[in-house]
Amino acid sequence: MVMAGLLAGCGTSGGSGSDGGTITAYVYGDDAVKVQQAAVTKFNKTSKVKVKLVSVPGTDYVNKLRSAMGSPSAPDVFFNWGGGSIKPYVDAKQLVDLTSTVKNDATLKDGFLPSIMTAGSLDGKIYGVPMRGMQPVMLFYNKTLFAENKLEAPKTWEDLQNAITTFKAKGITPFALGGADKWPELMWMEYLLDRIGGPEVFQKIQNGDTSGWGDPAVLKAAQTVKELVDQGAFGKNFNSVDYGNGGAPTLLNKGKAAMHLMGSWEYSTQLGKAPEFAKKDLGWTAFPTVAGGVGDAADVVGNPTNYWSINARTKHKDAAIAFLKTMASQEYAKALVDNGDIPTTSNAASMLSTSPNPQFANDQYSLVQKAPSFTLSWDQALESQYATPLLTELSKLFAGKSTPEQFVAAMKAVK
Amino acid sequence: MSHHTPHVKTRGGRKTAVGNVGRPPVSWALPGILFFAVFAIVPLAIAVYLSFCQWDGLNSPTPTGLDNWTRLFKDPEFRQAAWLSLLLTTISWAFQTPVALLLGVWAAGRQRSRAVLSAVFFIPLLLSTTAIAMLFHALLDPNFGVITEIGPWFGIDPNIMGSSTGALLTVAFVGGWQFMPFHTLIYQGGARQIPEVLYQAAEMDGAGMFRQFFHITLPQLRHTITTSSVLMIVGSLTYFDTVLIMTKGGPGTDTTVLPYLMYRTGFQTYDLGYAAAIATALVVVATALSLILVRFSGFGNMRSTREGM
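Residue numbers (this note's numbering), protein chains in the order written: chain W, 733 to 1147; chain F, 264 to 572.
Chain F extracted, bound-state conformation (with noise of 0.2 angstroms):
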């Protein structure tokens, strides 16, 4: 056979004739395929060989058997960032979905002042989030910042990043106010795709306001918060530069989530070996999570965006 003829099988094993309409073979993938190995698996299962040895960033590395692992479930400060991460995870997304949520679908409508308004509120996305813990830290300073003029008038006190939840709620804050205009557009997106009719049914029927969004909006963006939740999960768990810039893990040790304690165990202490099981489990716990959320949410049945309807 001169030409290639795809032979493309569902898990039944019966052909699908629909399904091949117009696919490319699967040569097509290769380039990517190989980008993907060598920018992301390679590396990968260095970090995964290197967990499993001894290595100071100077000598070769030693391998040491399970030595890295076996601490890490012992180590207290492993344990204590393991939270850390979950609680910040946890806040990140109870307070970034609903406001994202309401944004998006209120964003959906097609009035111009709408379009304005959410292309400012697109803004703190441009902005590198170097840049952004910095201002937020100039804001925050608790000696010369706006926040000693402001804070007082809300009863805050201006040594908020001084203090243990302070600083958590700042970080997952300020990450929030970044990445939020993110999930706002893909709640944006979800929401234009929802027929007119079921609304316009609805408003036959006598449905209000809440109504609507309750038993329409909601359910009909169920895979989208899906989507949008996986990717704040994954992204706040490996959160960085926000924790580096603006408390570099303290007060003492609350604010090291997993990543700083990856990296101050791996270009502070030079301990590259232990920072590698850090790293292999934190690529563990965050592959595990977005798989149980795609799993419980129905998420992989999907097949089109009207499924649901």
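Only chain W is shown next, with the shape it has when bound in the complex (with noise of 0.2 angstroms):
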């Protein structure tokens, strides 16, 4: 009460003279969003600046912010995945490099586990400064199925044959699959060589050498991929399963599949479809080793968090930075706990225990501390003339249109 009295009184004197402006703030529009507007709304309390928060829909987002840039009614913060996500705005000039302002500012620079704020730079350079929650890409199963095979959670490459084996001999398919969808698959792809040749492989690609195609991991990761479909690991109709409409995760609590390799979103997806296999049956693992590779087993994959980034033209910048700075904040990391996300700022683990599940949540946080490595998702970190191609190469692959060695000829190509 005390708090809203002397915000008030502060609203009142300080908007009486002068109007500061507005920042356009455009965010992907999900269920999360309640967490930035209220990020916002406290914000402007005290700012003269004022942000204006833009949800647009996620399935538009990409294209609507592609478009906006190009206009003069362009953000001046946007919501993005990092890397080859703002490949494009960087080299037209169009983002502020936040480089040295996070260096000298200790609030950000201590603020976020350090692999994090790496994941989202490009060349070196920092562009964004996170604000949401983080989602690595774990193998999730149904512990119920599991105990009546007697079968422990896949560690190793041999652990995950033994059960591709097992539950195929039952009738219920070992992965669950959303193929329709084509990014799923891309899940696959990343995890095995991360697994098989290590993370440089691919951070070769992302540095624009696309010569890295040619790497043999990449094609034993591909081959390893016609292996699992050609042993019917992912049942005969993924192609036309989807995980945007619910098909793969009704497939793993409907006990259908007995495995799924998703984001961590899987665990509010499930809770939300289906609550009492959520909290009952749904287990949750790290990708297992694969035999002969050279990467660690610790790698992560996925998306570490999303970022705000400053559109170069802001006539706004000290506030935007100002804003962004209270993504830092315990305040907002425990509201994004409250959401049943994973801060990724450093102090997030001592909240984690009021999360929804502080289990899962627990599980998570020390996944993405303790990975040596965090690849970002490849679709997000390639530049979309190199993303879109490669999720229709590699939907060519699992679907046995093209065999391994077209993948990797295909993906060369890619000009």
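Read the hints as simulated data drawn from the structure, not as lab findings.
Be a bit skeptical, because a hint or two may be false.
Cut-off 20 angstroms, straight-line C-alpha distance, at most; resulting in silico cross-link-like pairs (PhoX-like, lysine-lysine) [as the list claims (entries may be wrong)]: (1) W:Lys968 x F:Lys511; (2) W:Lys968 x W:Lys902; (3) W:Lys875 x W:Lys1012; (4) F:Lys511 x W:Lys1128; (5) W:Lys857 x W:Lys835; (6) W:Lys780 x W:Lys1057; (7) W:Lys968 x W:Lys986; (8) W:Lys1133 x F:Lys511; (9) W:Lys1144 x F:Lys337; (10) W:Lys958 x W:Lys936; (11) W:Lys774 x W:Lys968; (12) W:Lys1057 x W:Lys784; (13) W:Lys882 x W:Lys857; (14) W:Lys1133 x W:Lys1144; (15) F:Lys337 x W:Lys1147.
These figures come from a predicted structure and were not determined experimentally.
Dock chain to chain to rebuild the complex, using the hints, since each chain is given by itself in its own frame.
So, in structure tokens, the structure goes:
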């Protein structure tokens, strides 16, 4: 009450004379927007320059941002995935380089997990400040099915093969896969390449050296994909299963599939679709090792988090930076935790006990914290001119329309 | 002269007094022409211009001459998409025309039940394409859709959308399901124009139902067939929403038809110059096809609905 009174007093005295202007911020419109909206409301109480949050529906986000950034009505601040998702804007000199700002500011510099800051950078320069939860890809499984078949969560490739054989014999699809959406297939390629050849192989590709697709580890990963498909690890009809409309998650919670490789949001998806299952039967583990691979089994792939970046054409750069700083605050991190997200702030661990599912939150946080490398999802890490053909070629590989060799050749040829 | 005297001339240069009766001056068409120019001609011209540029949507377009066009003719993906578009168009036409024709002729009758049933047939056209695509997508879900129950009775593998042929046929079927009522309506109108006396005469000569259909109805409907076919072909060539929602161009690239390839190139890869080239090529092909169809069917000679009697 006292706080509210003070803030209200501030507002009337501050707002009487000068009009500070407005910062427009585009954000990916989903359930987490309420956390950003609360942060904006709080920031606006003390700032002369007001932030106006524009929530763009998820499916339209990338397109709308792209058209807006090419127009005079571009946002001042916008949500992104770092990496390749901002490369076109960096190339067009449309983003504020935040490297020195972050280095000279203790709040920003020490506020976030270092691997997360690095993952969103481009060519060693920082263009974004983390603003949402982490989304590592994990192997989810049905605990009841595993117990019934006397299996443990797979740690090695041998365990995985054993699980595949066992479940197939019982008429259960080993892995749910939303192949119609294409991007769930990418998660398999990302982990397989990391485990087989280490994170460096993709880093090379991400840094613009397309000859990296010719690395033997890429071919091995593609061959492993083909083996899994031919084995029936994903069942027969994964090409017509979606993730978006709930196809793949339903396979898991109905017991028709035993495992599902998916981003950490699978937990909240299951909680929404089948709360009982999510609470009692849903298990999670890291992606297993792959025989003969040189990658560290602690490596993680997925979306480290999302970032706010600042448009170089903004008239209120200082105010925008001040807004970005609030993302490192304890209060903001707490709001994310309450929403079921795991913040990427360095102090997050202490708050996770209040998460809707503390165990899932802690496991996820330590998975990321201990990870020597966190590879950003390839379709976000690469520019769209590579990401779109990648998803197309991968879909052909999974559908048996091309061979692992053809996949490699096609990716090397993308210009 | 204070009033407008219309001087409409025919190709031969003769004034045709009869043709001028009651015709408004050309200026009446100006609003229409203006509207058409702003919303069709200008965007088309911009697209043609962009097809000679490289453009990522952020920076300004840079002219690159014929680059996009030479790439287009060498691109195996474009060739595949063009082939799939033609295939989809052919399947759609071959499947929709006979059904719409028969339904239309049947619906041209005057019984009350026909009117009610015709109204029911018309319903799919009133639904949005997106809603229809999502509906069929749910029905055809290989694990939980109705197809898993019904499919096996007819020996159909529920994984329809996951197979190349199945996905393409499904897209053609769903589109047909939606637009057939429209073509039925066209055929119904056409069939009602056929003078009753022709049938009465045929009956007197002892012609049965089939002979009447093949010797009177079908020839009398030939211009209606052309109209419907042109609309069908142009519609099928620009088929997009169903593909986007139901198959996303997959499995692999087996349903990546031209409009979807254009969308992917333009709004996922942000190669807007090349996407403009694909779009322009599509316009050229669609225009050429409809012109050919109109020419060969003698549609252009039609002067009245009674022509060819």
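- [ ] Quickly compare the C-alpha distance for W:Lys1144 and F:Lys337 to 20 angstroms and report which way the hint goes.
- [x] Holds, at about 18 angstroms.
Open item on the list: Between the alpha carbons of W:Lys1057 and W:Lys784, is the straight-line distance 20 angstroms or under?
Closed with: Cα-Cα ~17 angstroms, so holds.
Task: 20 angstroms Cα cutoff - pair W:Lys1133, W:Lys1144 - done: Holds, at roughly 18 angstroms.
Task: Pairwise hint evaluation, W:Lys1128 against F:Lys511, where the allowed Cα distance is 20 angstroms at most - done: holds (13 angstroms)
Open item on the list: Given the hinted pair W:Lys875 and W:Lys1012, is their Cα-Cα distance within 20 angstroms?
Closed with: This hinted pair holds, its Cα atoms lying about 8 angstroms apart.
TODO: Mind checking the alpha carbons of W:Lys882 and W:Lys857 for me, to see if they're no more than 20 angstroms apart?
DONE: violated (49 angstroms)
Open item on the list: Run the distance test for W:Lys968 versus W:Lys902: straight-line Cα separation, threshold 20 angstroms.
Closed with: holds (15 angstroms)
Open item on the list: Holds or violated: W:Lys774 and W:Lys968, Cα atoms, limit 20 angstroms.
Closed with: With a Cα-Cα distance of about 51 angstroms, the restraint between W:Lys774 and W:Lys968 is violated, given a limit of 20 angstroms.
Open item on the list: Hinted pair, alpha-carbon criterion (20 angstroms max): F:Lys337, W:Lys1147. Please report holds or violated.
Closed with: Holds - the C-alpha atoms of W:Lys1147 and F:Lys337 are around 15 angstroms apart, at most 20 angstroms.
Task: Hinted pair W:Lys968 and W:Lys986, Cα distance within 20 angstroms - done: Holds, at about 17 angstroms.
- [ ] For the pair we were handed, W:Lys857 and W:Lys835, check the Cα-Cα distance against 20 angstroms.
- [x] Between W:Lys857 and W:Lys835 the Cα gap is close to 11 angstroms, so the pair holds against 20 angstroms.
Open item on the list: Check whether the Cα positions of W:Lys780 and W:Lys1057 lie no farther apart than 20 angstroms.
Closed with: holds (16 angstroms)
Hints 10, 11, 13 from the earlier list are contradicted by this structure; the remaining hints agree with it.
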